[in-house]
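Q: Per the working numbering, the sequence shown starts with residue 1, numbered consecutively.
Treat the hints loosely; a few may be bogus.
[To be verified] Label pairs and their calculated CB-CB ranges:
#1 F57 <-> H90: 35 to 45 Å
#2 A56 <-> E96: 32 to 42 Å
#3 R74 <-> I95: 39 to 49 Å
#4 E66 <-> I102: 49 to 59 Å
#5 E75 <-> D114: 26 to 36 Å
#6 F57 <-> E94: 31 to 41 Å
#7 E65 <-> H105: 55 to 65 Å
[Unchecked claim] For lysine-lysine, the following BS3-like pairs were computed, each having C-alpha atoms within a straight-line distance of at most 25 Å:
#8 K82 <-> K72
#9 K82 <-> K93
#10 K72 <-> K93
#11 K110 <-> K100
#12 K59 <-> K72
#13 K93 <-> K106
#14 K113 <-> K93
#15 K60 <-> K72
For the record, the hints were derived by calculation from the structure and aren't laboratory data.
Using N, Cα and C, we set each Cβ at its ideal position, and we do this for glycine too.
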Amino acid sequence: MAAVAVAAARGGLRGALLAQQQRWSSGSGADQLGGLGKGAGKGGGGGGSIREAGGAFGKKQAAEEERYFREKEREQLSALRKHHEEEIHHHQKEIERLQKEIERHKHKIKELKDD
Numbered sequence: 001m002a003a004v005a006v007a008a009a010r011g012g013l014r015g016a017l018l019a020q021q022q023r024w025s026s027g028s029g030a031d032q033l034g035g036l037g038k039g040a041g042k043g044g045g046g047g048g049s050i051r052e053a054g055g056a057f058g059k060k061q062a063a064e065e066e067r068y069f070r071e072k073e074r075e076q077l078s079a080l081r082k083h084h085e086e087e088i089h090h091h092q093k094e095i096e097r098l099q100k101e102i103e104r105h106k107h108k109i110k111e112l113k114d115d
């Protein structure tokens, strides 16, 4: 978990997701699962009766679960992207407003010097 926090601090969400995927694919716990959809794993929990039975239905359920979580991840990344775009737009508007304020103050200073 600490590695996820470090990755998140370094590379944001994308870095954290990449670090998590690398841990999953490196075999840290993947050996306990057995193959997805191939019946109950070594960890004691099978993930439901269909997956425990294995076979074609277990593989199908595992594939559907993977597809579901990939879609959820895609939705979350899309929402995060939209949020950041809105933040950028907000900050650009704020910059414009502040630049106008600066120009207004410069104009006032110039008027004071002219008097």
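Q: Please go over all the hints and tell whether each is borne out by the structure.
A: Now for the hints, and whether the structure bears them out:
no. : hint                     : verdict
1   : F57 <-> H90: 35 to 45 Å  : 49 Å, violated
2   : A56 <-> E96: 32 to 42 Å  : 60 Å, violated
3   : R74 <-> I95: 39 to 49 Å  : 32 Å, violated
4   : E66 <-> I102: 49 to 59 Å : 53 Å, holds
5   : E75 <-> D114: 26 to 36 Å : 59 Å, violated
6   : F57 <-> E94: 31 to 41 Å  : 55 Å, violated
7   : E65 <-> H105: 55 to 65 Å : 59 Å, holds
8   : K82 <-> K72              : 15 Å, holds
9   : K82 <-> K93              : 17 Å, holds
10  : K72 <-> K93              : 32 Å, violated
11  : K110 <-> K100            : 15 Å, holds
12  : K59 <-> K72              : 20 Å, holds
13  : K93 <-> K106             : 20 Å, holds
14  : K113 <-> K93             : 31 Å, violated
15  : K60 <-> K72              : 18 Å, holds
Checked against the numbered hints given earlier, this structure breaks hints 1, 2, 3, 5, 6, 10 and 14; the rest are met.
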